Amino acid sequence: MTRVIEGSQAVAEAVKLAKAKVVSAYPITPQTHIVEELARLCSDGTMDARFICVESEHSAMASVIGAASGGVRAFTASSSHGLALMHEMLHWASAARLPIVMAEVNRALGPGWNLWLDQTDSLAQRDTGWIQIYVSDGQEALDTTLAAYRLAEIVNLPVMVVLDAFFLSHTYEPVDVPSQEDVDRFLPPYSPKFLLDTKAPYVLGEVAPPSVYMEMRRSIQSAMESAPEALEAVDEEFRSIFGRGYGPVEAYRCEDADIVIAATGTTAGTARVAVDALRDRGEKVGLLRIRLFRPFPARAVHEALRGTKKVAVLDRNCSFGAGGIFAQETRAALYNLGGPPVHSYIAGLGGRDVTPSLVEELYFDAKKAAAPAPESVWLGLREELCK
Amino acid sequence: MKSYNADPIEEYLNPGHVGCPGCGGTLAMKLALRALGPKTVMVVPASCWAIIVGNYPQSSLKVPVLQTGFATTGAAASGVRAALDARGDRETTVVGWAGDGGTFDIGFQALSAAAERGEDFIYVCYDNEAYMNTGVQRSSSTPYGARTMTTPGGGWKRQQKKNIVEVLAAHRVPYAATASIAYPDDLERKMRKAVSLRGAGLRFIHIFASCPTGWGFASDKSVKVARMAVASRFFPLYEVEDGLRYTINQPSPDEAGASLPVGDYMRAQSRFRHLSAEEVASIQERVEEEWGRLKQKAE
Amino acid sequence: MKASRLDSLNVSLFISRSSASTSSNKTGSWSFSRPRRAERSAPCSAACPCSEDIPRIEMLASRGLADEALASILEENPLPGTCGRVCFHPCEAACNRGGIDEAVSVNALERSLSDATVTAAPPARKLPPSARKKITIIGSGPAGLSAAYFLARLGHECEILEASSAAGGLLRWGIPEYRLPSAALEREIARVESLGVRIRLGRPAGEDMLAEPSRGRDAVVIATGHGRPSALGVPGDELALDALGMLARSRRGEERRFPRGGAPVAVVGGGNTAVDAARTLLRLGAEPIIVYRRRREDMPAIGAEIEAALAEGVRILPLAAPSAIEGSDGKMALKLRRMRSGDAGADGRASVAPVPGEDFALEVSAVYAAVGASAAERWMLPREGSALRLARCAIDPTAAGGRPVAYAGDLTIGRESVSDAIASGKEAAIALDALFSFGIKGVAAEIERALAADGGSASMEAYSRGPRATRSRAIVKAEDLNADYIERSRRANGRALESAKAALSFAEVECGLGPAEAAAQAGRCLNCGICNDCDNCRTFCPEAAVDVGPPGSGDPAWTSPRAPNLDYCKGCGICATECPRGALSMEEASS
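Chain order of the listed sequences is A, B and C. Converting from the first sequence to the working numbering requires adding 9 to each position, the first position being numbered 1. Converting from the second sequence to the working numbering requires adding 2 to each position, the first position being numbered 1. Converting from the third sequence to the working numbering requires adding 9 to each position, the first position being numbered 1.
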């Protein structure tokens with residue numbers, strides 16, 4: 010049934026429908042509405058689950074690892090510094106091959122303290138072995154969270170569902186909230202492939218010497234390599250029950266585009282408006298929304314950019330010394346497959362607004378550039394503050 | 003009637019593990035599991051025991067074990083408990099089994115939070131008074147006067163050993179107790195008591211686990227050194243219920259003087275041998291003060 | 010749910026989870042030393058003149074194996090019912106438990122075991138006729154009975170010649186009925202006789218007995234004791250009566266009773282004979298005073314006996330030495346010098362000297378002398394120069410017309426006690442047996458081999474190479490024990506008649522321990538030096554590598570054998586250090 014709900018609530022609804030049994034979280038703006046909603050659902054009995062109010066994000070991840078090892082569906086959410094604090098245990102969760110789902114709200118890292126949209130936090134965790142999917146609206150947030158459990162439990166890798174701070178987490182939109190009955194047809198009960206059981210005792214996570222460690226790592230990589238196919242199959246199942254599907258990327262008006270603007274999250278929505286406006290003025294431009302980030306969907310990106318002359322990537326993040334991260338990843342993905350040159354743009358850090366006109370500025374800058382600039386181009390800077 | 007004590011004992015520790023000869027931490031686990039039994043899940047962070055559990059694909063324990071990050075015992079055990087409860091298992095006991103580093107220092111926050119939340123598991127700290135697994139570096143459990151690799155030579159530790167049981171008592175946990183490998187019956191009794199307090203909140207057991215490798219004494223003396231620690235009142239055995247009611251088990255509070263001077267206990271270990279007579283005397287004084295305070299609480 | 014593409018997706022899942030036990034690692038390869046069961050000796054056994062294997066006895070008794078416990082005693086001592094009543098129990102003074110709470114009630118337990126069980130003597134060795142010797146023993150006191158018992162067990166044919174009308178020597182004629190009832194003594198003598206020993210009564214000792222070998226005997230044992238009482242050595246000492254003589258008459262029921270209200274009766278002396286005489290006289294109606302030249306604490310009599318005497322109403326007058334006796338029987342004056350004690354001598358007893366000008370006298374109706382005795386005749390003593398002196402006996406290869414003579418009992422031991430006499434008889438028996446096998450030159454070595462503990466005495470078990478003979482002679486000291494595991498408990502001495510009642514008759518004063526209480530008291534023994542299944546080794550092994558055999562299958566067969574599992578033992582040594590009774594030691598492992 011369609012309800013007008015916040016992005017945060019959409020995530021919480023999905024966790025409820027997925028019948029997670031353990032939710033463990035530490036509050037950090039702007040994730041708080043997700044966990045508060047879940048606390049309410051656990052407290053009034055709507056969810057048959059334990060809500061653990063842990064004392065830090067590191068413990069939040071550790072406790073969901075404990076819960077998942079104990080054989081139940083678990084959930085947590087975080088953002089920014091909280092995610093950064095979890096870093097050690099993010100590595101742990103993936104190497105432990107636990108199907109944990111986490112909602113991560115992209116928020117800037119300090120100092121200075123900044124509560125608003127910036128993607129560096131989640132992207133800085135790209136090496137931790139988590140599947141990462143960037144969603145752009147409330148419906149997608151709900152749907153992806155549900156699909157994340159299905160995917161995670163197939164490939165035994167944890168999944169991070171990434172939402173934009175405030176622009177998604179705190180924005181009310183009409184969302185079709187599926188019925189429990191439909192969700193139950195999509196998502197079977199969790200059947201762990203290993204767990205802590207006194208009737209069949211073994212150690213989980215013991216010392217792995219050089220003679221075996223590499224193969225265990227290879228297994229993680231193999232699972233990652235299976236993820237795109239698994240995601241496609243999950244998407245198919247989802248579509249067959251709910252009538253909606255997403256894919257690893259969304260290509261909008263890319264078929265005959267000379268220049269494709271690549272963006273993610275809610276920014277893609279703004280970019281879509283700009284693309285339509287530019288098209289109306291005769292520009293041959295398209296939008297590539299990158300949704301699956303880990304594993305990086307190289308083939309899908311390559312396919313979407315076939316025939317394109319340039320791709321201009323809009324990053325709301327920066328890996329200092331290397332530039333916009335989506336741009337780097339795209340460039341690396343295309344290097345062997347072949348593809349258009351990648352122009353890298355950084356904009357909208359720390360919640361600085363990205364407007365359609367800024368997207369247009371990006372487009373024209375890319376259009377006139379003979380080749381990509383050696384460093385990422387920063388757009389929307391206040392020159393008088395630049396020292 | 004004296005018996006043959008020949009009944010087979012169900013051990014949940016396998017031989018063939020890599021614990022040092024004379025390892026107090028291993029002895030502590032063996033004794034604890036005799037009381038805990040097979041319906042136990044162990045949560046083990048980075049520590050000597052993370053290694054003693056075994057190298058892939060072996061296990062030295064006959065119970066399930068979840069290895070976890072150094073700081074996380076309190077949190078991971080909470081998650082495991084929540085999962086077992088969700089699966090309807092109220093019989094299995096969850097035990098966090100951490101060293102002093104993973105309890106007093108890096109694991110302290112998670113432990114405190116679990117205690118405050120009244121989590122239903124038993125937290126056992128087996129205490130060898132330093133980061134032994136990484137090569138004998140000091141922790142906040144290292145006693146005043148000890149040399150370690152990070153408090154070497156004249157830089158021996160000038161800070162007092164943190165009183166972790168008092169900290170847990172301040173959390174008003176239902177049960178907190180010290181125990182020792184030299185007093186196996188007392189240790190097993192306390193484990194059984196902790197198990198019986200299922201659902202009451204976090205139960206905390208602090209086990210003195212002497213370390214021949216790190217403290218500098220011959221491997222055959224582990225139990226003897228542990229006994230000397232108790233006899234000298236350096237590490238008395240006591241229980242605190244609900245953070246308020248104290249009972250001293252060993253040594254007897256009725257004895258006027260300790261049966262052993264602290265100096266004798268310390269002279270048996272090379273980590274203390276550099277201390278002067280004055281320094282030893284000041285330690286003796288402090289031990290007596292602490293003992294006096296403990297006795298007052300137990301009245 | 011219909012089968013989906015997802016179900017057939019093959020996803021790699023290789024995690025660090027266990028599937029095997031560490032028990033396939035044979036960590037025994039780490040060790041360079043390993044534990045070995047290495048039993049040691051106990052201080053009580055070393056102190057016991059009879060070398061009784063006390064830790065073993067108490068362990069068996071504590072398990073309710075009373076027959077086995079008594080059999081163990083009988084291995085070393087034929088007269089436990091006697092010793093359990095009259096021994097001065099040096100074992101208890103040496104007991105390691107004494108330093109923890111209270112010594113084990115070894116003495117009372119020995120009596121209890123002997124009273125409760127009727128156990129035969131251990132079987133005798135079978136010797137071929139040529140090796141079986143015929144031995145005459147002169148005297149049926151504790152030394153003579155003991156010598157005969159052990160010689161008979163070693164396979165020889167023994168005959169005891171006893172001067173009086175009943176066997177037992179001082180056991181019968183010197184120790185009163187209220188301490189050692191005839192019935193108990195008879196049982197003990199019967200056990201010796203059950204080995205085929207013949208006792209011929211009414212045969213007074215004579216030097217002609219040295220000619221026994223001419224009558225087909227192979228050797229003689231002289232155990233005639235000190236038959237000549239010492240005189241007081243003061244003017245009028247012929248007026249003093251012999252205390253031992255009085256005790257013998259009292260046993261036969263021939264001693265006079267004393268009228269009530271008469272003057273006190275003096276007993277001069279400080280040993281057991283003096284105390285026995287005083288308590289006997291009390292029961293005969295007299296008012297006895299023990300007169301002793303040194304301090305009360307210097308009296309050589311057993312402390313408990315002195316306490317009992319005082320409780321019954323016997324008075325003690327210390328630091329008083331007779332100087333003369335005047336008067337006649339019934340009304341005498343015992344002249345005394347007040348003594349003053351000075352520095353202690355080598356034996357720990359104070360030297361005494363008269364205080365000038367403080368002579369006084371006691372009005373008494375009789376004076377009994379109990380100041381010692383000596384051998385009655387010279388031939389009873391070992392010949393200087395030809396007799397080999399051993400710790401408690403002497404042996405002369407040719408003193409009986411070219412045949413060996415062994416000397417035992419009060420004749421040869423320094424300390425006069427029943428258990429020393431028994432030990433002396435045992436030693437004499439072993440010495441003779443050794444002489445028969447190896448000649449006089451082999452005797453000392455065989456006696457040495459028969460020692461079971463450092464500083465101890467000859468053991469029959471050691472001599473016959475029994476299972477406990479392999480234990481180390483090193484004594485387990487108090488500091489070797491883990492006193493912390495020992496629950497403090499009180500010893501029980503057994504009930505006794507209340508003193509006022511005891512003094513009225515010759516009924517046995519000490520009533521002993523009941524069987525249940527005895528087993529419990531035996532349980533207080535720490536079993537120093539012997540494995541008693543305390544299980545410390547298994548409890549404290551960090552490798553869980555101590556194997557335990559079925560109950561009662563140990564060697565010897567009353568413990569459960571405990572052995573390290575050498576596949577896993579890393580040689581840490583905790584088991585040996587934590588063995589509270591020194592029954593395990595570490596030794597270097599060979600590659």
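Since the hints were made in silico from the structure, they are not lab data. Each hint should be verified, as a subset may be incorrect.
Which stretches of chain A does chain B cover? Using the computed rule of at least three CB atoms under 8 Å from a CB of chain B, they are [said to hold, decoys possible]:
id	region
1	247 to 260
2	362 to 368
3	385 to 396
Computed list of lysine to aspartate or glutamate pairs in EDC-like fashion (alpha-carbon distance at most 16 Å, straight line) [as the list claims (entries may be wrong)]:
id	chain 1	residue 1	chain 2	residue 2
4	B	41	A	264
5	A	202	C	16
6	A	208	B	93
7	A	318	A	264
8	B	297	B	168
Cβ-Cβ distance ranges computed for the label pairs, FRET-style [said to hold, decoys possible]:
id	chain 1	residue 1	chain 2	residue 2	range
9	C	108	B	255	20 to 26 Å
10	B	247	C	510	49 to 55 Å
11	B	39	C	572	23 to 29 Å
Note that this is a predicted model, so its numbers are computed, not measured. Backbone N, C-alpha and C fix where the C-beta goes; we use that ideal spot for every residue, glycine too.
Hints, one by one, checked against the model:
no., hint, verdict
1, 247 to 260, "violated (count 0)"
2, 362 to 368, "violated (count 0)"
3, 385 to 396, "violated (count 0)"
4, B:41 to A:264, "62 Å, violated"
5, A:202 to C:16, "13 Å, holds"
6, A:208 to B:93, "12 Å, holds"
7, A:318 to A:264, "12 Å, holds"
8, B:297 to B:168, "14 Å, holds"
9, C:108 to B:255: 20 to 26 Å, "23 Å, holds"
10, B:247 to C:510: 49 to 55 Å, "52 Å, holds"
11, B:39 to C:572: 23 to 29 Å, "27 Å, holds"
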